[in-house]
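Student: Sequence:
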Amino acid sequence: MNFDVLQRLQSLQTQRPYLFLYALVDGAQYQTEFNQPLAPRPGHIALFDGTPDAPLAHAGPWLIDPQQLDESERAELIHFEQATPGIIWLIALADLHGLADLLRLRMDARLPDGRKALLRFWDPRVLTGLVNILQPAQRETLFGEIEEWHFMHQGQRVWIGRHA
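Going by full-length UniProt numbering, the letters in the sequence shown line up with residues 1 to 164, in that order.
Read the hints as simulated data drawn from the structure, not as lab findings. A couple of the hints might just be wrong.
[Unchecked claim] Label-pair ranges, simulated between beta-carbon atoms:
id, residue 1, residue 2, range
1, T32, A117, 21 to 29 Å
2, K116, A75, 36 to 44 Å
3, T141, F34, 29 to 37 Å
In this text, a Cβ means the ideal position worked out from N, Cα and C, and glycines have one as well.
Make a model of the complete structure from these sequences and hints.
Tutor: See the structure below:
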């Protein structure tokens with residue numbers, strides 16, 4: 001797998017060797033692109049599993065460990081990123097299951113009137129807007145535990161660092 005995010009990870013690992021790369025994939029976009037849903041298997045975690053939205057897990061966000069994929073599957077994810085806004089690359093210290101738990105905690109947002117709303121941070125189109133509207137403390141809550149978030153926006157690589 002030779003692409004710019006991997007090169008960035010390798011650069012960061014010279015100072016912090018325990019960083020890992022993960023793919024945060026929009027299950028609905030994936031199914032549309034490849035005509036098949038993502039399915040549970042080692043290295044794949046549906047973030048809706050264990051939540052009230054579990055029946056929609058196939059279409060929700062999936063956290064994938066690229067190290068548990070073969071080369072053709074990793075190439076498929078790189079192609080997917082170029083074809084559709086459905087993947088965000090995460091560089092983090094956490095292991096796969098720890099990161100999945102952390103991301104699950106970030107899925108619900110409290111609205112000013114007290115209602116809860118699903119925060120679609122796994123969609124690059126939404127994430128781009130979130131960066132601009134969140135207050136600094138909110139940005140730290142969402143982004144602070146993950147070293148970097150990388151995604152494509154209007155054909156350009158965008159990344160959000162720990163203190164976005």
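Student: Between the beta carbons of T141 and F34, is the distance compatible with 29 to 37 Å?
Tutor: holds (33 Å)
Student: Is the hinted range of 36 to 44 Å satisfied by the C-beta distance from K116 to A75?
Tutor: Holds, since K116 and A75 (Cβ atoms, about 38 Å apart) stay within the stated range.
Student: Is the distance from the Cβ of T32 to the Cβ of A117 consistent with 21 to 29 Å?
Tutor: holds (24 Å)
Every hint from the earlier list agrees with this structure, and none is contradicted.
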